[in-house]
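**Student:** So the chains spell out like this:
2 protein chains.
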Amino acid sequence: MDFIIKGNLCYSEGPECLMTLPGGYLVYAGGVCAGAYGELPQRYAGLPVTDYGDRLILPGFCDLHVHAPQFAYRGLGMDLELIDWLGRRAYPEESKYADLAYADRAYGLFADAMRKSVTTRLCCFATVHAPATLLLMEKLEAAGLMGYVGKVSMDRNAPEPLCECSAGKAAGDCEAWLAKASRRFTRVKPMVTPRFIPACSDALMKRLSALAREYDAPLQSHLSENPKEIKWVRELCPEAKSYADAYDRFGMLGPRTVMAHIVYPEEEEIPLLRDRGITMAHCPASNINLRSGIAPVRKLLTAGVKVGLGTDVAAGQTVDMLRAVTDAVQASKLYWRLTDRSAKALTLAEAFYLGTRGGGAFFGRVGSFEAGYELDAVVLDDSGLPHPQELSVGERVERALYLSGDCKVVEKYVAGKPILNRTDTAGNGA
Amino acid sequence: MDFIIKGNLCYSEGPECLMTLPGGYLVYAGGVCAGAYGELPQRYAGLPVTDYGDRLILPGFCDLHVHAPQFAYRGLGMDLELIDWLGRRAYPEESKYADLAYADRAYGLFADAMRKSVTTRLCCFATVHAPATLLLMEKLEAAGLMGYVGKVSMDRNAPEPLCECSAGKAAGDCEAWLAKASRRFTRVKPMVTPRFIPACSDALMKRLSALAREYDAPLQSHLSENPKEIKWVRELCPEAKSYADAYDRFGMLGPRTVMAHIVYPEEEEIPLLRDRGITMAHCPASNINLRSGIAPVRKLLTAGVKVGLGTDVAAGQTVDMLRAVTDAVQASKLYWRLTDRSAKALTLAEAFYLGTRGGGAFFGRVGSFEAGYELDAVVLDDSGLPHPQELSVGERVERALYLSGDCKVVEKYVAGKPILNRTDTAGNGA
Numbered sequence: 073m074d075f076i077i078k079g080n081l082c083y084s085e086g087p088e089c090l091m092t093l094p095g096g097y098l099v100y101a102g103g104v105c106a107g108a109y110g111e112l113p114q115r116y117a118g119l120p121v122t123d124y125g126d127r128l129i130l131p132g133f134c135d136l137h138v139h140a141p142q143f144a145y146r147g148l149g150m151d152l153e154l155i156d157w158l159g160r161r162a163y164p165e166e167s168k169y170a171d172l173a174y175a176d177r178a179y180g181l182f183a184d185a186m187r188k189s190v191t192t193r194l195c196c197f198a199t200v201h202a203p204a205t206l207l208l209m210e211k212l213e214a215a216g217l218m219g220y221v222g223k224v225s226m227d228r229n230a231p232e233p234l235c236e237c238s239a240g241k242a243a244g245d246c247e248a249w250l251a252k253a254s255r256r257f258t259r260v261k262p263m264v265t266p267r268f269i270p271a272c273s274d275a276l277m278k279r280l281s282a283l284a285r286e287y288d289a290p291l292q293s294h295l296s297e298n299p300k301e302i303k304w305v306r307e308l309c310p311e312a313k314s315y316a317d318a319y320d321r322f323g324m325l326g327p328r329t330v331m332a333h334i335v336y337p338e339e340e341e342i343p344l345l346r347d348r349g350i351t352m353a354h355c356p357a358s359n360i361n362l363r364s365g366i367a368p369v370r371k372l373l374t375a376g377v378k379v380g381l382g383t384d385v386a387a388g389q390t391v392d393m394l395r396a397v398t399d400a401v402q403a404s405k406l407y408w409r410l411t412d413r414s415a416k417a418l419t420l421a422e423a424f425y426l427g428t429r430g431g432g433a434f435f436g437r438v439g440s441f442e443a444g445y446e447l448d449a450v451v452l453d454d455s456g457l458p459h460p461q462e463l464s465v466g467e468r469v470e471r472a473l474y475l476s477g478d479c480k481v482v483e484k485y486v487a488g489k490p491i492l493n494r495t496d497t498a499g500n501g502a
Numbered sequence: 073m074d075f076i077i078k079g080n081l082c083y084s085e086g087p088e089c090l091m092t093l094p095g096g097y098l099v100y101a102g103g104v105c106a107g108a109y110g111e112l113p114q115r116y117a118g119l120p121v122t123d124y125g126d127r128l129i130l131p132g133f134c135d136l137h138v139h140a141p142q143f144a145y146r147g148l149g150m151d152l153e154l155i156d157w158l159g160r161r162a163y164p165e166e167s168k169y170a171d172l173a174y175a176d177r178a179y180g181l182f183a184d185a186m187r188k189s190v191t192t193r194l195c196c197f198a199t200v201h202a203p204a205t206l207l208l209m210e211k212l213e214a215a216g217l218m219g220y221v222g223k224v225s226m227d228r229n230a231p232e233p234l235c236e237c238s239a240g241k242a243a244g245d246c247e248a249w250l251a252k253a254s255r256r257f258t259r260v261k262p263m264v265t266p267r268f269i270p271a272c273s274d275a276l277m278k279r280l281s282a283l284a285r286e287y288d289a290p291l292q293s294h295l296s297e298n299p300k301e302i303k304w305v306r307e308l309c310p311e312a313k314s315y316a317d318a319y320d321r322f323g324m325l326g327p328r329t330v331m332a333h334i335v336y337p338e339e340e341e342i343p344l345l346r347d348r349g350i351t352m353a354h355c356p357a358s359n360i361n362l363r364s365g366i367a368p369v370r371k372l373l374t375a376g377v378k379v380g381l382g383t384d385v386a387a388g389q390t391v392d393m394l395r396a397v398t399d400a401v402q403a404s405k406l407y408w409r410l411t412d413r414s415a416k417a418l419t420l421a422e423a424f425y426l427g428t429r430g431g432g433a434f435f436g437r438v439g440s441f442e443a444g445y446e447l448d449a450v451v452l453d454d455s456g457l458p459h460p461q462e463l464s465v466g467e468r469v470e471r472a473l474y475l476s477g478d479c480k481v482v483e484k485y486v487a488g489k490p491i492l493n494r495t496d497t498a499g500n501g502a
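Chains as they are written, first to last, in the numbering used here: chain A, 73 to 502; chain B, 73 to 502.
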């Protein structure tokens, strides 16, 4: 079942190195990407070729932080900061997912939007409801996406319909869900998901950490998003040396952990995050919309912390990862201008790297077209961006990132499997 | 030729007041808007009705600052600050407009994009080339847009192909163009356009100011965009009390003047700008992309300065004014968080106001659906944004602003004249 796709290839070879191959060949052989080539090596000459002509072919993007149940109210209610926003926007909407009929409708729209987007892999929050979370996993798997979904755990400081009341019940529910979810799906896997420190008791955190080890599951949560939240965590955990330490005390920081945001890391937290090998999900649009601020990405990268990008729908308004890439560049420019002149702004090549290979590393060899990587690829029609002058492939990619609303995803491969009909030309970022 | 259009109306009655009329009637009578009504008054019962069903109908948006010749390289080359960007991106591209064949191709794409966008009125920079500028005006007029276009004037600190060499020649060229342009078009009018202080000698500024009065033409330029540019102006004009004063000394600040940016106004400049009655074109995306910073819009609004929005293509990447509205909200949130906690962030209603009625005031009674306004309206199909729950018209508008890439302009009225075919469903922001 080996094959070749042909088109204008563009991918990261490293944080500063955006590689382009006009009219290049992307080879799928032996179940993985066998490399990207300007001229087809003789040994692949017999393979079937799908020729995408003048279209752009990019690696699949990896959305490291997205809340599926919040998709229903994306682009709405951006007038609040985090804690008020959770109480007045997020929790009321998430409560609806006790109703499986509503979940079916809403998660159907989310899965369809993800299918049509440039995203191939994701780390996704669901709600506390196990049945709806299984439904979401089923829909994402059917849509052809890969990645992780988390049933959210909360046993304190949450409204009644979402609060799992006791650590025992919350951990029991999580374990029952983990047992089912681990067996039922092949492309979408469960992820232990304590919402954040304020919503999880110590007793629950201990149990969740043990469950992650027992089920060999990755873990995701939120870290240092908003000043008020950080102050609250300090009050709730006077014994913790830092917000990161509040997770670390439970053994929750490790190479299979994604922590979203990290807008206000303290000096001593940074080496801890690096040494534990966690991956930061940088969510610039969300941090702006909720007035949280701008994460010091340059500082974290320089310190050696692993970083990927997240859309954080619905605090971020769109699931479009192309926009997340340029949002990251723009946010870093303002951080340089307004906060720290030593923090060089991200280049577009760096942000592209974060959105593909940087975040992709959390899923294995994902996010590039080098030999040995999984073949995740997005075929993009940029003919909605006419131009009077000649443009290089690199320039066309740059423009597609900044003006993604005018581009269309015409095909998408996830681990070598095409998941859109060739005739489907629905816009990305829906 | 009176008529009615029907649909879900949304418009500003004031900076904080976004009015919605689900299934409302927008009446065009006697050459102007005769008001928006939830129920049709008996006196209009006989007029023909175009029913847009469940679509959204918004006032036309007013782009107070856009560079037509830069449209060709929108979304490219965002790695430089203003002065370097002008030298390495803007000026080389603008030099191409000496070639009318290139201008025809490039301005054709620009006019088509403007036609399909949510913009109905604009203040537009061309280049120094009079023939190409007339061609641009012709294309915008044919596309049905209204507003002002400026042949740029520059006689110093500009590269050879764009520098008009002497104040006399530059002023003469401007006058010859003004004479032709004033007579030739009905919907698109000329605007005197000194590029900015660094590119115009005192002698040229004196002549341009006189020409604006003589031809009863409005005037546009740039003010306080970037720290390096501001420092340069201080060196070039040691006798001016401020950057604004450097224009004011030539009588260039008045109620028919648009000044783009104003990112770093000095305390004494603000009352001057208010008292002269100029309109500020706030261009948040541009100010972020070129790392200029964030303009203190709240402070200027509170002081009574008139403010509208501009896309500033190509320093801003898109001509989509819906995005400019949400960019303005987002930039103001970061300004509040990172720079000045007394500067309350813009609400979405306020930013909508700036993008329609605020900027519209520069063109007369434009930007609202109240009786007596000109009828500029955009019919928007937001069915690309599916949702599982009921949404109010206000919520749908909010979402269309944040996720404009998934909406389509299906019709647009400029001063009562429909300018898109009903079958044209090309996306906005192209």
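Honestly, I wouldn't trust all of these hints.
Said to hold, decoys possible - Below 30 Å or equal to it, Euclidean Cα-Cα: the simulated DSS-like pairs (lysine-lysine) are:
#1 LYS416/B with LYS371/A
#2 LYS371/A with LYS300/B
#3 LYS278/B with LYS303/B
#4 LYS416/B with LYS303/A
#5 LYS278/A with LYS303/A
#6 LYS261/B with LYS241/B
#7 LYS241/A with LYS378/A
#8 LYS300/A with LYS252/A
#9 LYS480/B with LYS480/A
#10 LYS378/B with LYS489/B
#11 LYS261/B with LYS303/B
#12 LYS416/B with LYS300/A
#13 LYS78/B with LYS168/B
#14 LYS300/B with LYS416/A
#15 LYS303/B with LYS416/A
#16 LYS416/A with LYS480/B
#17 LYS278/B with LYS300/A
#18 LYS416/A with LYS416/B
Stated by the list, open to error - DEER-style ranges, computed between Cβ atoms:
#19 THR411/B with GLY125/A: 41 to 49 Å
#20 ASP274/B with SER414/A: 20 to 28 Å
#21 LEU308/B with PRO113/A: 56 to 64 Å
#22 SER254/A with LYS300/B: 56 to 64 Å
Keep in mind the hints are simulated off the structure, nothing from the lab. For each residue, glycine too, the CB sits at the ideal point set by N, CA and C.
**Student:** Give me the numbers of the hints this structure contradicts, sorted from smallest to largest.
**Tutor:** 7, 8, 11, 13, 16, 17 and 20
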